[in-house]
Amino acid sequence: MLSVVNADGTTDNGSSLIDQIVREGARRMLAAALEAEVNTYIAELADQRDEVGRRLVVRNGYHQPRAVTTAAGTVEVKAPRVNDKRIDEATGERKRFSSAILPPWARKSPKISEVLPLLYLHGLSSGDFVPALEQFLGSSAGLSPATVTRLTAQWQADHKAFCERDLSATDYVYIWADGIHLRIRLEEAKAAVLVVMGVRADGTKELIAMADGYRESSESWASLLRDCQRRGMRAPILAVGDGALGFWNALNEVFPETRHQRCWVHKTANCLDSMPKSAQPAAKKAIQDIYNAEDREHAAAAVKAFAKQYGAKFPKAVKKITDDEDELLAFYEFPAEHWIHLRTTNPIESTFATVRLRTKVTRGAGSRAAALAMVFKLVESAQSRWRAVNAPHLVALVRAGARFERGHLVERPETFAA
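Its first residue numbered 1, the sequence shown is counted upward by one per residue in this note's numbering.
Hints may contain errors.
Below, in silico cross-link-like pairs of lysine-lysine (BS3-like), each with a Cα-Cα straight-line distance of 30 Å or less [claimed, not checked]:
#1 K304 x K316
#2 K319 x K304
#3 K319 x K277
#4 K285 x K319
#5 K284 x K320
#6 K160 x K205
#7 K308 x K277
#8 K319 x K308
#9 K304 x K284
Distance windows between CB atoms, simulated [as the list claims (entries may be wrong)]:
#10 A353 x A46: 48 to 56 Å
#11 A90 x H408: 44 to 52 Å
#12 D166 x A33: 32 to 40 Å
#13 A43 x D88: 44 to 52 Å
#14 A33 x I87: 24 to 32 Å
#15 Q383 x R226: 22 to 30 Å
#16 G53 x A391: 50 to 58 Å
#17 D166 x A400: 22 to 30 Å
#18 A400 x Q154: 38 to 46 Å
#19 R385 x S278: 35 to 43 Å
Rather than coming from a laboratory, the hints here were simulated on the basis of the structure.
What you are looking at is a predicted structure, and each value in this text was computed from that prediction instead of being measured.
The beta-carbon is built from N, C-alpha and C at its ideal position, and this holds for glycine as well.
Turn these sequences into a full structure, and let the hints steer you where they fit.
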């Protein structure tokens, strides 16, 4: 149901019955969860008593009610209060109970925090947040222009700290790199967000670096990679990227020992663009037979079959694959469980797909730093949901120099190290 937005940014109280039911249900569930959390905390410390046998951790009523903005709307919460009389021996101060569900500072759920940078990237000014969100959330609590401005400043500070953090303690064995055109508030239309993601030795994925630059520019990529190297990043074993020469030239300059893997999604699209539409479905199936082959030998045979079938009619399309055959098939020399992760830049593409769909060209460049900070916060939020690569225990073996044939481990590092 639509609400009427008044001149002062408020709305008339006309929420539907279903909205009221949803908010009331959310309020009750949150209250029950907070009660259960406190009861568990007190029960676990029931044996903690003072010299006269009285419990050191007990209930102590409730905190003052506060409004919390959630995806279900704004609900009023009365959090249980705990009286913890225990003394921290290290600091000499009283210990305190802190809710993992509703921290003392929380005024909005993480999902709401994700919406705010999306709206900024979409072109919404901070003054427009209240009327835009109030009709959906049922309240403007915690969404004033001043609050949004403070959040924007904090996000920029978070992005700056991320770009300056030390990388020497983390080993990235695989990396993906891509230049994403989001059509956001960057100062120049041709600018892109240069993104580098990696796989740590434990198999988890992580955002390594993100900056604005030019996708085809060797200098833009070299600047980003040199900065990572300066902060302690070790050369990865394998880098996955599209056909943009800028990245590969920069990689050869900064990390010359790193192997190259071209993205099959980008390569397929480039190849099919050189063919008439009538030939594309069959050609796409033939290309898929290459990178889905059971091993490198079968993949090489599929490349020859593709060249034989299409070479006479579409030599430019075939040349795009045969010229880069070694770099397109490099993933076959790594664990078979990792092939699905290494043959494309999908880890980056899928992360930015939602952002790309929700952004558009805006009039005026806006703040470059703020736009990049918004993108960073969205990726940072998504990062918590990234899955580790398959068979994560094999990543450390790849770094150690283990050899794989047809995707299977044939020689452990300690064997040839001896």
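Consistency of the hints with the structure:
| no. | hint | result |
| --- | --- | --- |
| 1 | K304 x K316 | holds, 15 Å |
| 2 | K319 x K304 | holds, 11 Å |
| 3 | K319 x K277 | holds, 18 Å |
| 4 | K285 x K319 | holds, 17 Å |
| 5 | K284 x K320 | holds, 14 Å |
| 6 | K160 x K205 | holds, 21 Å |
| 7 | K308 x K277 | holds, 19 Å |
| 8 | K319 x K308 | holds, 12 Å |
| 9 | K304 x K284 | holds, 15 Å |
| 10 | A353 x A46: 48 to 56 Å | holds, 50 Å |
| 11 | A90 x H408: 44 to 52 Å | holds, 50 Å |
| 12 | D166 x A33: 32 to 40 Å | holds, 37 Å |
| 13 | A43 x D88: 44 to 52 Å | violated, 21 Å |
| 14 | A33 x I87: 24 to 32 Å | holds, 29 Å |
| 15 | Q383 x R226: 22 to 30 Å | holds, 24 Å |
| 16 | G53 x A391: 50 to 58 Å | holds, 54 Å |
| 17 | D166 x A400: 22 to 30 Å | holds, 23 Å |
| 18 | A400 x Q154: 38 to 46 Å | holds, 40 Å |
| 19 | R385 x S278: 35 to 43 Å | holds, 41 Å |
Hint compliance for this structure: hint 13 alone is broken.
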